[in-house]
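A.B. asks: Each chain, letter by letter, is given below.
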Amino acid sequence: DGGITQSPKYLFRKEGQNVTLSCEQNLNHDAMYWYRQDPGQGLRLIYYSQIVNDFQKGDIAEGYSVSREKKESFPLTVTSAQKNPTAFYLCASNPGGPNNEQFFGPGTRLTVL
Amino acid sequence: AQKVTQAQTEISVVEKEDVTLDCVYETRDTTYYLFWYKQPPSGELVFLIRRNSFDEQNEISGRYSWNFQKSTSSFNFTITASQVVDSAVYFCALSEAFTSGTYKYIFGTGTRLKVLA
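Those protein sequence lines, which keep their order, are chains D and W.
Residues in the first sequence are numbered consecutively from 69, following the numbering used here.
Residues in the second sequence are numbered consecutively from 23, following the numbering used here.
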């Protein structure tokens, strides 16, 4: 089945540790996105990539980093510089073009203790 | 800057009632695309509909219907005869394209719909 996988679904980390969230898609989509969701704030864009080896900062990129070495993978690292990392993180992809809808993964809930 | 406003934070209805979720957008583009997504308690967003700026026809899909009005910059979503399974958070989104060729999506803050049995 084609789709987007995010692992793990729940992640716990101690304050000050970097953590990497996985996002893999087998839809052959060019574009991939990372969003953060906090209660009552909707989805906020962290980073996006519309082609391999290239990515752009979104609206809240500080404290995060990404890589796009393969078309199917777009991992997100939450660094210790991110002041409030506890949130629900969603990965999405689309085949390319602003006219296409996004396909979303199941999300990872990160809790920093 | 582009913006999407969903003024209704939370709506509660009794099963079988009709309910309309409002979405108002701001854009300077003449060509743009609007979307609705549903986020059930499991967390994964599910695509419902896409509309481009040149197509103002209303659309109906089963109990769901969408009303797109460019004159008021609105793209409202109506659920007829609501059911408990409709309980979810619903997001309206607008795609924003740049001269560089890149594009991104702007989401509203979502409306939480609770359908009571």
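Simulated from the structure, these hints should not be mistaken for lab results.
Certain hints may be false.
[Said to hold, decoys possible] Restricting the straight-line Cα-Cα distance to at most 16 angstroms, the calculated cross-link-like pairs of lysine to aspartate or glutamate (EDC-like) are: (1) W:K126 <-> D:D122; (2) W:K25 <-> W:D51; (3) D:K125 <-> W:E118.
[Unchecked claim] To be clear about the criterion: a stretch of chain D counts as covered by chain W if any three or more of its residues have a C-beta under 8 angstroms from a C-beta of chain W, and this derived list gives those stretches: (4) 90-97; (5) 140-149; (6) 154-166.
Glycine included, every Cβ here is placed at the ideal spot set by N, Cα and C.
A.B. asks: All the hints need checking, so say for each whether the structure fits it.
C.D. replies: Verification of the hints:
1. The straight-line distance between the Cα atoms of K126 (chain W) and D122 (chain D) is roughly 14 angstroms, inside the 16 angstroms bound, and the hint therefore holds.
2. With a CA separation close to 12 angstroms, the supplied pair K25 (chain W) and D51 (chain W) stays within the 16 angstroms bound.
3. Distance check on the hinted pair: K125 (chain D) and E118 (chain W) sit about 15 angstroms apart at the alpha-carbon level, within 16 angstroms; holds.
4. Given a C-beta distance limit of less than 8 angstroms, the hint that chain W covers the segment 90-97 of chain D is violated, as 0 residues qualify and 3 are needed.
5. Look at the segment 140-149 of chain D against chain W: 0 of its residues bring a Cβ nearer than 8 angstroms to a Cβ of that chain, fewer than three, so the hint is violated.
6. Coverage of the segment 154-166 of chain D by chain W holds [criterion: at least 3 residues with CB-CB distance below 8 angstroms; count 5].
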